[in-house]
Amino acid sequence: MENKPLDILESLKKITRLLIGIMSIMVMMVFVSIFAIYFDTPDQSTAAEVDPQSNVAQVATSQESVLDITGLADDPNIQIIAANCTACHSAKLVTQNRATREGWKSMIQWMQKTQNLWDLGKNEDIILDYLAKNYAPESKGRRAPLENIEWYELAQ
Amino acid sequence: MSNKRRAFLKKTTVAGLAMAWGMPVVFSKHLPSGMSLLADIKQDPTLPNGKHKDLSLLNDRPWNIETPPHLLDDPITPKDRIFLRNNGLVPEEIDIDAWTLTIEGESASQTKNYTLDQLKSRFQQYTYQLTLECGGNGRSEFNPPAKGNQWTTGAVYSAEWTGVRLRDVLNEVGVKNDAVYIGYYGKDTHLSGDVNKTVISRGVPMSKAFEDETLIAFQLNGEDIPLMHGYPLRLIAGGWPASASGKWLHKIVVRSKVHDGPKMTGDAYRVPCEPVPPGSKVAEEDMCIIESMPVKSLITYPKTGAMVKKGQTFEVRGHAWAGDLEVKEMEVSIDFGATWQKCALEPPKNRLAWQHWKAGISLTDSGYYEIWARAMDENGIMQPMVVPGWNPKGYLNNACHRIAVKVS
Chain A
1 MENKPLDILE
11 SLKKITRLLI
21 GIMSIMVMMV
31 FVSIFAIYFD
41 TPDQSTAAEV
51 DPQSNVAQVA
61 TSQESVLDIT
71 GLADDPNIQI
81 IAANCTACHS
91 AKLVTQNRAT
101 REGWKSMIQW
111 MQKTQNLWDL
121 GKNEDIILDY
131 LAKNYAPESK
141 GRRAPLENIE
151 WYELAQ
Chain B
1 MSNKRRAFLK
11 KTTVAGLAMA
21 WGMPVVFSKH
31 LPSGMSLLAD
41 IKQDPTLPNG
51 KHKDLSLLND
61 RPWNIETPPH
71 LLDDPITPKD
81 RIFLRNNGLV
91 PEEIDIDAWT
101 LTIEGESASQ
111 TKNYTLDQLK
121 SRFQQYTYQL
131 TLECGGNGRS
141 EFNPPAKGNQ
151 WTTGAVYSAE
161 WTGVRLRDVL
171 NEVGVKNDAV
181 YIGYYGKDTH
191 LSGDVNKTVI
201 SRGVPMSKAF
211 EDETLIAFQL
221 NGEDIPLMHG
231 YPLRLIAGGW
241 PASASGKWLH
251 KIVVRSKVHD
261 GPKMTGDAYR
271 VPCEPVPPGS
281 KVAEEDMCII
291 ESMPVKSLIT
301 YPKTGAMVKK
311 GQTFEVRGHA
321 WAGDLEVKEM
331 EVSIDFGATW
341 QKCALEPPKN
351 RLAWQHWKAG
361 ISLTDSGYYE
371 IWARAMDENG
381 IMQPMVVPGW
391 NPKGYLNNAC
401 HRIAVKVS
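Chains as they are written, first to last, in our numbering: chain A, 1 to 156; chain B, 1 to 408.
I should point out that these hints are in silico values taken from the structure, not numbers from a laboratory.
Idealized CB from N, CA, C, for every residue including glycine.
Any given hint could turn out to be false.
Below, simulated SDA-like cross-link-like pairs (lysine to any residue); rule was C-alpha separation at most 20 Å, straight line [to be verified]:
1. LYS187/B - GLN115/A
2. LYS303/B - ARG165/B
3. LYS147/B - ARG101/A
4. LYS113/A - GLY380/B
5. LYS105/A - ASP267/B
6. LYS197/B - MET111/A
7. LYS105/A - GLU284/B
8. LYS349/B - ARG165/B
9. LYS342/B - GLY380/B
10. LYS133/A - ARG165/B
11. LYS140/A - GLY380/B
12. LYS140/A - SER280/B
13. LYS263/B - ARG101/A
Label pairs and their in silico Cβ distance ranges [as the list claims (entries may be wrong)]:
14. THR102/B - THR100/A: 43 to 49 Å
15. THR100/A - ASP54/B: 30 to 36 Å
16. PRO145/A - ASN196/B: 21 to 27 Å
17. LEU128/A - LYS358/B: 48 to 54 Å
18. ALA338/B - THR114/A: 44 to 50 Å
19. ILE381/B - LYS140/A: 50 to 56 Å
20. THR100/A - ASN49/B: 38 to 44 Å
21. PRO347/B - LYS140/A: 44 to 50 Å
22. ALA144/A - LYS309/B: 24 to 30 Å
23. ASP74/B - LEU18/A: 51 to 57 Å
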């Protein structure tokens, strides 16, 4: 019974230590954020000199997280794809479309001509191979069967 | 360009990291509008505020969201069920006191600015129910596939717009005899972040601009236009591809030639002037601008997948529209188009509003059925049962709508 005030004091000390710990982490994260956003200014390289892989490394460190985040089909070159094809628009614009290699090439050319897409350089072939392989057209005929029907009882 | 992109990726990472740690997103205010945090995308990409949870997300940067047909059952579409097709990013800061509409251009007699208050007080206000459908609604069915957002049936709605007539404003400013076209400019931002780049600037010929129902609107269904749909001012040209109805409107140009802003030229909102075989390459000069949308209809009740008892009578209903024209007749089929049954069809509330139709159905044998619906416009043109003429960008699919029904 005499020990009780001491127990409370101990607990308070523990809680205080914990709070100080949590606050330290928060403060550190704020500093890291400020540093990353305001002090690590991008270099002055031109579009042609940019290495897209270095950009992706900042978005996600592992192959799995790139796939999770973008919903893109898996591929050894996924980081090049994500860096070049999701900077302006969402990956959903890629994954909902289907086209031949030639069709994808014409979309890239349209984006370069009208939408500020940069010169893809040596990555263009890598990107086109990826798109043609994973997002090729499937023949749908002139009218497909109704799909994804959720059956339910219609009330009388 | 590359620097901007790099800066964005970096910011997103920090924000995403902080979120993943269960921390507040310290620099979330630096994220461009309409942009989701990585942590959000990873889970279930959320719809923008104010949208019904069962709308389907096609794209979140820019926003492209469509409405399942059973959610379009209301005679006048409520704002939470209106599809969303943005080409760029939603403007961030809107100061309605400072907002002006400028009328200018080589075929305007003068350049004139109006504040919102001036527009509302100087001109008579009108309210019309107007049907707006995306030119690419139904694109997902084209074969070979067409590039762009893969809309199924849900990029259409009919809501009430309140505003002033474009004609009244143009008449006060003065239009020269050589005027051919008007074009709009809005305040949205290009996806690339380039603030000097116009996202989209389309328009209509003078004949459409001078119609009674072509409005400079400031209200949707009796309230301020929602931000995503063009607050505080939007040009509305019902019956034409919805892209002709410019959001966040701040400038209208009167042109002595067909307007040539972004997405007026090339193959945007254009179809081959004459029909082509599927998969053809079509030269730009052989592509013609889409004007009035074609005749079309939707079954909004019941929802597809209904199971009914043999002989159970149930109502089938929906809406029909035909661009600039009126729908004259509406039919449904229960046998894959072999026979058709006439529906009761209401006249439109006003010109360019969709029309409501209904029919009683009773299926006497058990099995799998599809109910098909087709409308006919006042010129006798009907919806096709298969996907209509292929075109490179997948516009104008008005094939009859189908729902599945099982009888036991």
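Next on the checklist: Need the list of violated hint numbers for this structure, in ascending order.
Outcome noted: 2, 4, 10, 11, 13, 16, 19 and 21
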